[in-house]
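Student: Residue numbers (our numbering): 4 to 165.
Do not take every clue at face value.
The calculated lysine-lysine pairs, modelled on DSSO-like cross-linking and capped at a C-alpha distance of 30 Å, are [said to hold, decoys possible]:
(1) K91 <-> K144
(2) K144 <-> K47
(3) K47 <-> K102
Derived DEER-like restraints, expressed as beta-carbon distance ranges [unchecked claim]:
(4) I26 <-> D132: 39 to 45 Å
(5) A33 <-> N63: 43 to 49 Å
(6) E121 <-> A21: 41 to 47 Å
Honestly, the hints are just simulated from the structure, not real lab data. As the structure is a computational prediction, the values presented were derived from the model and not from experiment. Built from N, CA and C at the ideal position, the CB exists for glycine as well.
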Amino acid sequence: MKKTEKGFTIIEVALVLAIGALIFLVVFLAVPALQRNQRNDARKRDISNVVEAVTDYNSNNPTQGLQETWTPYEETSSGIKKGDHLGKYLDTLSSNIKKVVILAQGNLPGTPDANTAEQIFVVKSSQCDGLHGVKNAPGRKSAVVGTVENNKGYEFYCQDAS
4 MKKTEKGFTI IEVALVLAIG ALIFLVVFLA VPALQRNQRN DARKRDISNV
54 VEAVTDYNSN NPTQGLQETW TPYEETSSGI KKGDHLGKYL DTLSSNIKKV
104 VILAQGNLPG TPDANTAEQI FVVKSSQCDG LHGVKNAPGR KSAVVGTVEN
154 NKGYEFYCQD AS
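Start from the sequences, fold in the hints, and give me the full structure.
Tutor: The following block contains the structure:
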């Protein structure tokens with residue numbers, strides 16, 4: 004008489020558990036990176052939206068430049084507030100952005116962080132110096148700068164507007 008045993012061996016169970024653990028590890032590592040990429044894509048779209056607004060404003064107002072005292076876009080407790088000048092050229096931005104700020108030539112806030120990640124900066128009389136900085140420029144050129152996330156924290160991301 005031949006005796007057969009039903010069930011799995013310890014090695015088979017351990018192998019299945021190891022494969023399951025590997026799948027969970029991959030998912031837990033991949034999901035935060037995907038979420039960060041989605042937030043960065045939304046921020047880059049918002050920066051492009053502001054670039055278009057600055058270009059449209061400059062085309063339609065050739066004698067009046069941007070002013071640091073303007074707040075073109077701000078999320079308040081009562082909703083989105085768009086300023087009279089540049090604000091009327093802006094589309095609604097993503098929920099990542101709470102404020103658009105106009106800055107003087109060549110000025111950026113100190114270092115990119117979670118607070119700057121909620122703002123987009125329009126730097127007057129400036130142009131991008133690579134992807135992450137600004138330098139002085141003649142005329143009505145502006146650099147539009149936002150903050151994106153990377154593996155180490157945050158960095159500025161710049162696009163030129165004419």
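Student: Could you run down the list of hints and mark each one as holding or not?
Tutor: Here is what the structure says about each hint:
A hinted pair counts as satisfied when its Cα atoms are at most 30 Å apart, and K91 with K144 qualifies at roughly 19 Å. Taking the CA atoms of K144 and K47, the gap is near 19 Å; set against the 30 Å cutoff, the hint holds. Between the alpha carbons of K47 and K102 the distance comes to roughly 15 Å, so the proposed pair stays at or under 30 Å and holds. For I26 and D132, the Cβ-Cβ distance of about 44 Å falls inside the hinted range of 39 to 45 Å, so the restraint holds.
With their beta carbons about 45 Å apart, A33 and N63 fall inside the hinted range of 43 to 49 Å. For E121 and A21, the hinted distance range of 41 to 47 Å is satisfied, since their beta carbons lie about 42 Å from each other.
Violated hints for the displayed structure: none, as all numbered hints are satisfied.
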